[in-house]
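Trainee: Take a look at the letters that make up each chain.
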Amino acid sequence: MKTGAPSIRRRLVLQLALVAALLSVAFFLAVRGVAGNATEQTQDNILAASATSIADALYSESGAVRVEIPYSALSMLGTVSEDRVFYHVIVDGETLTGYDDLPLPQGRSGSRAPVFDTYSYRGDSLRAVVVTRTLTAANQPRFVQVVVAQTRLGLEAISSRITTTATAVGVAFFLVATALSAFAAQNALRPLSRLADAMARRGPKDLRPVSAEAPAELAPLVGGLNSFMSRLGAALGRSEDLIVEAAHRVRTPLATVRTQAEVVHLQMEKPENRQALRQMIRAVDESSRSAGQLLDHAMVTLRSDHLETEKVDPADLLRDVVDRLGPTAGLRDIAIHLELPDAPLRIEGDPILLQNAVRNILDNAIKYSPAETDIRVSMEGTGTCRMTFCDQGRGFEAADIMRLPDRFSRGSNVGDVVGSGLGLTIVSDVARAHGGTLEIAPNPEGAGACVTLVLPCC
Amino acid sequence: MRHACLALLLILQAARVMAFEIEESHSYPAGESQLRILSTADQSVFDPIIRAFQTEHPAISITYDVAGSTAVMSAILDEGAAYDLVISSAMDLQTKLANDGLALAYRSEATARLPDWASWRDMVFGFTQEPAVIVVNNRLFGDLPLPQNRAALIELLRDHPDIFRRRIGTYDVRVSGLGYLFATQDSRNTESYWRLTEVMGRLDTRLYCCSGEMISDVASGELALAYNVLGSYARARLRDTPGIRVVEMEDFVSVMLRSALIPAGADAVEEAGQMIDFLAAMAERPDLAALTGLPPVSLDASGTDERVLRPIRLGPGLLVFLDRMRRDTFLRSWVSSVKQQ
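One line per chain: the protein sequences are A and B, in this order. Be aware that the first sequence starts at 41, since it is given in the numbering used here, and climbs by one per residue. Be aware that the second sequence starts at 4, since it is given in the numbering used here, and climbs by one per residue.
Simulated from the structure, these hints should not be mistaken for lab results. Incorrect hints may appear among the rest.
To be verified - The calculated label-pair distances, taken between Cβ atoms and stated as ranges, are:
1) 327/B with 193/A: 25 to 33 Å
2) 327/B with 112/A: 14 to 22 Å
3) 25/B with 73/A: 54 to 62 Å
4) 147/B with 101/A: 37 to 45 Å
5) 112/A with 28/B: 40 to 48 Å
6) 267/B with 103/A: 35 to 43 Å
7) 73/A with 290/B: 51 to 59 Å
To be verified - Covered stretches of chain A, as calculated for chain B (at least 3 residues, CB under 8 Å):
8) 115 to 121
9) 133 to 140
10) 160 to 173
Quantities reported herein were computed from a predicted structural model and do not represent experimental measurements. Heads up, the beta-carbon is just placed ideally off N, CA and C, and yes, glycines get one too.
Okay, chain A solo, but in the shape it has when bound (with noise of 0.2 Å):
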C-alpha cells in the first residue's frame, strides 16, 4: 500500500479507537463518580450509626442528661479504617461530654434526619454528623445534639485505590476495545481484499465479468468495473479486427499496383523508363514492408498487453523463417545457414510474436547484407534460448547500438536503404515482453553484426 494514501482500514480503527477511548474515559469517570459517592455514602452511614447509638444511650438521671457511650459507638468507626474520631454532646447548646471545640455540622436544620457536613478541624479534614433528640429531663425537655466526626484518610485511600482500579479497568478496556476494533475492521474489508486479490490475480486477458461474491456496499464499484470490463473487451476486440482489416486494406492493393509495374516493366524498352519503373516497383516493396511492419508493431504492442503463451519449439519458428525468406535472400545470391541443437527446446510465449521478431531479425540480417554474403542463424540453449543471427554486413556504430531498439530509429550508416526503423523496436519489445534480451554485437568472425534474441526456456 502507499504510504499518504487514505486507508479505510486505518480510518476505521482510529475512529473506533476513538470511540473506545472516549468510552473509557465514560467509564473511568463514572466508575469512580459512583464509587465515589457509596464510598462516602458509607462513611456517612458509618457516622450517623455511631451518633445514632450515642444518642441512644442517653438517659436522665436525677434532673440530669447523661450519656453512657457505648463501646461500639466508637469502635465502629475503626473497623473500616484508622482515622481520627471525634464526638461531642451538646444539651442545650452547653457540652455534656467530648471535645467541647468540635463545631457543629452546618445544614438544613429542623429536620429530625441527620445532618452531614465536612470541616476543617485539629488541621484535618473532617467528615461529620449531627443527630439531635428531645429528651425530659426534670420535667423539662433537653434538646440534645450528638456530632460524631472522623477523618477522611481511610476514605482517600479508598478513593485513590478506586481511582487506580477504574484506571487499569478504563486502559485494558481501550487497549481490548482497540485491538478488536482492529480485527473488525480487517474482518469487514476482508471482502473488500478478496475482491482485490481477485482482480490481481487475473490473466492479462481476462475481462470476464466479476464473481465473486461482493458485499452490498461493494455491488455498485463491481457492477461498475463489470460493465467496465465488457465495453474494454469489445475495445480490444475492435482494435484487434482493425489491425487484421488494415493489414489487408494495405498490402492487397500494395501487391496489386506491384504485380502491375513488374508486368509494365517487362514490356517497357526505354532503359530509363524501366529504371523508373524498378524505382517504382522498391517503393512499393518499401511501402508495404513497412506497413508490415507498423501492423507488426501495432500488433506487438497490443498483444504484449495480453500475452497469449502457450509452448512453442524455437527450432520449428527458426526452420519456417529461413524457409519462408530464403527466396528473398537467394535473389542477391544471399546463403542462409542455419544451426540448430539436437537437444529440443521449448519457450513459453506467443508464437505469433516470436514469428514476427524472429522473421523482422532476418529480415533485417538480408536487408542490410551485400550481395553474396553468409547468414548464420544458430541457436544454443540451456536455461535460456540464445537464438543468434549473425550477417556479413556494415554491421552497428557503437554509438547506435543503445538507441537502436527506439521506436523509429535508424543506424547512422544506412542512409542509402530504405527502412522504417521499426524492425528493432519490434523485437526489443518482443523480448521484453517474454521476459527475455535482445543482444547487439560485431561479429566477431569479421565484417558484419550479431543480433541474439535471448529468450528464457522451460
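For this one, chain A is given, so just place chain B on it according to the hints.
Mentor: Quick look at chain B alone, frame taken from chain A:
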C-alpha cells in the same frame, strides 16, 4: 451521693493538677544525640533494653524518666513536656494522644512487620503483650482449689470470707491507668465483673497503685490473692519469690500491649524511630525478653490463642472509657461496689 461525687471529682481534679510528677529519672550518657524517653515502666525493668539499644546505637545518649500513666498523659496532653518517645502501658491514653493529633506518624520495615492489631495509625506501636493474671499466696491458699475462671473465683471468695477478708488486692482504678484499662476491658468482656467487684468490696479488698506492691504483699502473706496483676511483672518476680503462684483465667485473659509513640513535640525523631524499630523487633531478642520479663509481640499472629487471650484492640474504641462522663459513671459504679461501707 452528690457529695461523694463532688469529692471524687475534686480528687480527680487534684490528681490532674499535680499530675506530671517524675518518679525516677535516669540518664545513660553515650554519644552526641539525645533521646528523652518518658515511660511508665520501672527503670529496673527497662534497663536491659536501653543498654542493648545503646550497644547497637552507641551515639545515642538516653534520658529515661518514669511516671504514672495518667501523669504521662497530662505531661504530653496538657503540658507539652519535651520528650522524644513515650512508652506507656495505658493503651487508651496512648490512643487518645494519637487520635488528638499529639503523635507523629512513623513507618519503617520493623513497624511494617508488626501484626495489624499491634499498631494504630502508624503512631502507636505495641511491642509487648502482657496478660492480666491472678497471683495467689500458696500458704494462705492451702488446699483451696485454684480458680480457673471468674465464676469460680466469685464462688471461692464467697465461700471463704474468713481467708479472704482484707486479704484481696486489686488496682485502685481511680489512680492507676492500667488498672482502669483492665477493669473497663473486664466489664466489657464479662457480665460477672460487677458481681466480682461487689464480692471483693464486701471482703474489704485493698486497693493498690501498682502491680509491684501487690505482688510484694502476696509474697509476704499480707494478701492471699491479687486480681488483675500484670503477668509480666509477676512472672519476673516468681524466680526470686517463693510461695506465690501465677494463675491465668480460662474464660478470658485481657492482654495489654505496652506501646511506644513519638509525641508531636519530639526533637530527636530519628533516634525515637530507631528505638521503636528496636522495640518492635524484640521478638528476635529472646535474651532481652528473659532479662526484662516483658513478653514481646510475636511477629507471627498465629502465636496468640484468640479464644482465651484477648489482646486489647488499639483503636477509637479505647476512647470510650476515657470519655469523662463514661469514666465518671464507671468510677461511681466501681466505688460503690468496692467501698460498701
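Trainee: Starting from the hint list further up, note which numbers the structure goes against and sort them upward.
Mentor: Violated hints: none; all satisfied.
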